[in-house]
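There are 2 protein chains.
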Amino acid sequence: MSKHLTKRAEDYSKWYNELIVKADLAENSAVRGCMVIKPYGFAIWEKMQAELDRMFKETGHQNAYFPLLVPKSLFEAEEKNAEGFAKECAVVTHYRLETDPDNEGKLRVDPEAKLQEELIIRPTSEAIIWNTYKGWIQSHRDLPLLINQWANVMRWEMRTRPFLRTAEFLWQEGHTAHATKEEALAEAKQMQEVYATFAEDFMAMPVIKGAKSESERFAGADETYTIEALMQDGKALQAGTSHFLGQNFAKAFDVKYTSKEGKLEHVWATSWGVSTRLIGGLIMTHSDDAGLVLPPKLAPIQVVIVPIYKGEDQLNAIFDKIRPILQELKSKGISVKFDDRDTMRPGAKFAEYELKGVPVRVAIGKRDLENGTAEVARRDTFEKQTVNQDDLITYIEDLLENIQNSLFTKAVSYREAHLTKVDTFEEFKDVIENKGGFVSAHWDGTEETEDKIKELTKATIRCIPNNAINEVGKCVFTGKESTKRVLFAKAY
Amino acid sequence: MSKHLTKRAEDYSKWYNELIVKADLAENSAVRGCMVIKPYGFAIWEKMQAELDRMFKETGHQNAYFPLLVPKSLFEAEEKNAEGFAKECAVVTHYRLETDPDNEGKLRVDPEAKLQEELIIRPTSEAIIWNTYKGWIQSHRDLPLLINQWANVMRWEMRTRPFLRTAEFLWQEGHTAHATKEEALAEAKQMQEVYATFAEDFMAMPVIKGAKSESERFAGADETYTIEALMQDGKALQAGTSHFLGQNFAKAFDVKYTSKEGKLEHVWATSWGVSTRLIGGLIMTHSDDAGLVLPPKLAPIQVVIVPIYKGEDQLNAIFDKIRPILQELKSKGISVKFDDRDTMRPGAKFAEYELKGVPVRVAIGKRDLENGTAEVARRDTFEKQTVNQDDLITYIEDLLENIQNSLFTKAVSYREAHLTKVDTFEEFKDVIENKGGFVSAHWDGTEETEDKIKELTKATIRCIPNNAINEVGKCVFTGKESTKRVLFAKAY
Chain S
2 MSKHLTKRAE DYSKWYNELI VKADLAENSA VRGCMVIKPY GFAIWEKMQA ELDRMFKETG
62 HQNAYFPLLV PKSLFEAEEK NAEGFAKECA VVTHYRLETD PDNEGKLRVD PEAKLQEELI
122 IRPTSEAIIW NTYKGWIQSH RDLPLLINQW ANVMRWEMRT RPFLRTAEFL WQEGHTAHAT
182 KEEALAEAKQ MQEVYATFAE DFMAMPVIKG AKSESERFAG ADETYTIEAL MQDGKALQAG
242 TSHFLGQNFA KAFDVKYTSK EGKLEHVWAT SWGVSTRLIG GLIMTHSDDA GLVLPPKLAP
302 IQVVIVPIYK GEDQLNAIFD KIRPILQELK SKGISVKFDD RDTMRPGAKF AEYELKGVPV
362 RVAIGKRDLE NGTAEVARRD TFEKQTVNQD DLITYIEDLL ENIQNSLFTK AVSYREAHLT
422 KVDTFEEFKD VIENKGGFVS AHWDGTEETE DKIKELTKAT IRCIPNNAIN EVGKCVFTGK
482 ESTKRVLFAK AY
Chain B
2 MSKHLTKRAE DYSKWYNELI VKADLAENSA VRGCMVIKPY GFAIWEKMQA ELDRMFKETG
62 HQNAYFPLLV PKSLFEAEEK NAEGFAKECA VVTHYRLETD PDNEGKLRVD PEAKLQEELI
122 IRPTSEAIIW NTYKGWIQSH RDLPLLINQW ANVMRWEMRT RPFLRTAEFL WQEGHTAHAT
182 KEEALAEAKQ MQEVYATFAE DFMAMPVIKG AKSESERFAG ADETYTIEAL MQDGKALQAG
242 TSHFLGQNFA KAFDVKYTSK EGKLEHVWAT SWGVSTRLIG GLIMTHSDDA GLVLPPKLAP
302 IQVVIVPIYK GEDQLNAIFD KIRPILQELK SKGISVKFDD RDTMRPGAKF AEYELKGVPV
362 RVAIGKRDLE NGTAEVARRD TFEKQTVNQD DLITYIEDLL ENIQNSLFTK AVSYREAHLT
422 KVDTFEEFKD VIENKGGFVS AHWDGTEETE DKIKELTKAT IRCIPNNAIN EVGKCVFTGK
482 ESTKRVLFAK AY
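Here the protein sequences line up with chains S and B, keeping their order. Heads up: the first sequence is residues 2 to 493, going by the numbering used here. Heads up: the second sequence is residues 2 to 493, going by the numbering used here.
A few of these clues could be false.
Below are the DSSO-like pairs computed for lysine-lysine, each with C-alpha atoms no more than 30 Å apart in a straight line [as the list claims (entries may be wrong)]:
#1 B/K350 / S/K257
#2 B/K481 / B/K455
#3 S/K331 / B/K58
#4 B/K88 / S/K115
#5 S/K338 / B/K190
#6 B/K48 / S/K58
#7 B/K485 / B/K236
#8 S/K475 / S/K210
FYI, nobody ran anything at the bench for these hints, they're computed from the structure.
Based on the sequences and whatever the hints tell you, model everything.
The structure is reproduced here in structure tokens:
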């Protein structure tokens, strides 16, 4: 494989696909639209999982596990949800293979092992979970029910891209049941907040919180709350969604509880999820033409130390100096790697860690040994600094924090520079086509207008921001009255 | 649901099934043979996962993720493996549903969305993984490749039982590639050791390490190493297996590397796995007629504190005493719950925590407040002790360790009392039928004898123990010469 990475300005999409392979994050598999997540990419997902899982538990949720397969009759019970996912379902119809009598040594589906009822590989688990909740919920004392699942799901998408849209993907899906509408709404909004906090504090990826327009809602939801991020190429990425499901699933699966007053009522529901798509967002928020740039809080390797030496003796002398530093960094919970491979030159190592986005690189050679110094380079800005070995630990700790903050600040600046208020459709088209980013515009609230704008510009309503100000205005397309600006963008 | 739990002596199998439901571990789902793992059961799995994952990483393995679905042509590439799993495969044949024209509001499989090649839901991932490794391995520098995956798999078993044998189950599967046969063998044995250590040190479940006879090997393996545990009803449980796969998969998928000497050679492979089946083993090793008994190291709640009070004032006084104790226990990493629910009497709470196997229960009432004491009960022996509040932390720490060790010791004693050497087939049948447990007997090494013994007694060879002593003897069935005793048992 060529070491050359396409430049972002040349072809952003090609850069993205190449980077994923070259940085050892993932690769395509033999199954259409499904990827293999390689150890380095999976280590990022593990870091994400650990933080999210902690945040879910801190907000009172417990993990559980529900079946992969959904009987068709359950799948179709909530009509809107079924309609939304029917066209992208992988369907299990048989449960056995047999030797193919017409083709020696080959197997074929055993026609006698046909299932009476087809099974759908979950594209999302509301159906199987709500069918289960029916048995778990009788009384107000069983509520709220706050459950999360880490799982794989399958959506047979026609156009796939690694991390961003794959047929199979890994995610978490929270499914909660509540006694009142207010509680369920509060839960859905709380999880939107949790996602926003995770995106900004750990991924260093600023997001805009808002609600989806009706046409962009999750199939079966009464309200979908979203966090929307902006990628370097000016396209938006829906990074996480939290749905208020009303009583739709409770009614479809007949899940009722006896209230304190002894009345039998349908429960209220939410569901919420983020997926391996976040890794796509992480890549397209920070990385550059030299490769991946990772925020320290999610980097599998936060610091790499590269000895520059000739011969065993120099290497040993360097290692003697470095050993206590390695130990202290590790004891502080910093993930550090000492790379003494003798099959590769330091320059090649530097390039590899740049490609893989390791936030801090420390190089130490003969001269450093004499001077009691080390050279510290940060991945995000390529700045280098000579540091006294005695100050190295503190310097690295500060630098990691500094990089984390500076990546976030930079991404916020980019997002602010690419959020444009427009008041005419000419401006709208011009910004979407030439500048990219979010366009803040008045909209008359109709699906018809939304569709027309999408048809003409490929821009969709990303969200009605939570913090939108009431403001009298006119729809940018029809001129009809509007009270709020919404955010449009082209999106992944 | 009735609170009564069937006694083990009455019907062990019924006791097991009831306990799983009553202790909130799992329940059957709407999908044949698939269970829902409830939060309490899943919390045990999470504890198991955390320890195993740490042990895998400490032995140099990394996690990755490979696709759920395996194209049929890859599935059948390694013939023995394919043959072994063909009869229990869930097969995806279509990728879309459509509205059923003959049945309003219902969906049906869209006959036009038939896949060109059927996809198998992984029963195990050798095929998809070795097809991927082909691209990852070129040189001896790429070896060893040490990868693990946490995943769900599907085996369409006809008879299923919660945790022990379910159509879908959760597991980890390690898949490694090595330059030499010796290295691969050492890896397979190392992972058997890791599993044994986990079973004994964390599950407090003694295991016998050994090799499987040829007929009991994993389909596609040259050697299967196993850890075998003994359940309370005298049946054995295969708790984990580690396979030396020889070059079978390397040849089937054409995975070669260039050696240091420049020669092109097929690599050597292992795979190894443990699953949610371990939870079944945990239950059947320690639990009793009052419910679950959990070893402290895997208990989701290690200590429960139940206040015994009348009125808010007494509760507050108790909580004032307990608060610092709760905090200190938590700071020591002990998982503790303070149960002040006012909807349930203390006696009912005690029964609930007994059923759920919480290792240590602390009760504190009015008299204790006056005396500065608390009553501490251990779940495994039901022994109670009055302890000074000042000594409570130390007492609990010691008690948890004590319970962990004592569960293991008790299980070892049971296993030792149920491992019987026999030299005649009469004795063999008598022990298998009336006493249960492992039978150590000479075997002539043929599959024919193995089959006959199984047919006559339902006992199978569980393993040829690693520590078997060379000993001249005669096969218990045929009288032919034998050099080693092997272990037989009825098994789950």
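What are the numbers of the hints that this structure violates, sorted from low to high? The structure conflicts with no hint, since it agrees with every one listed earlier.
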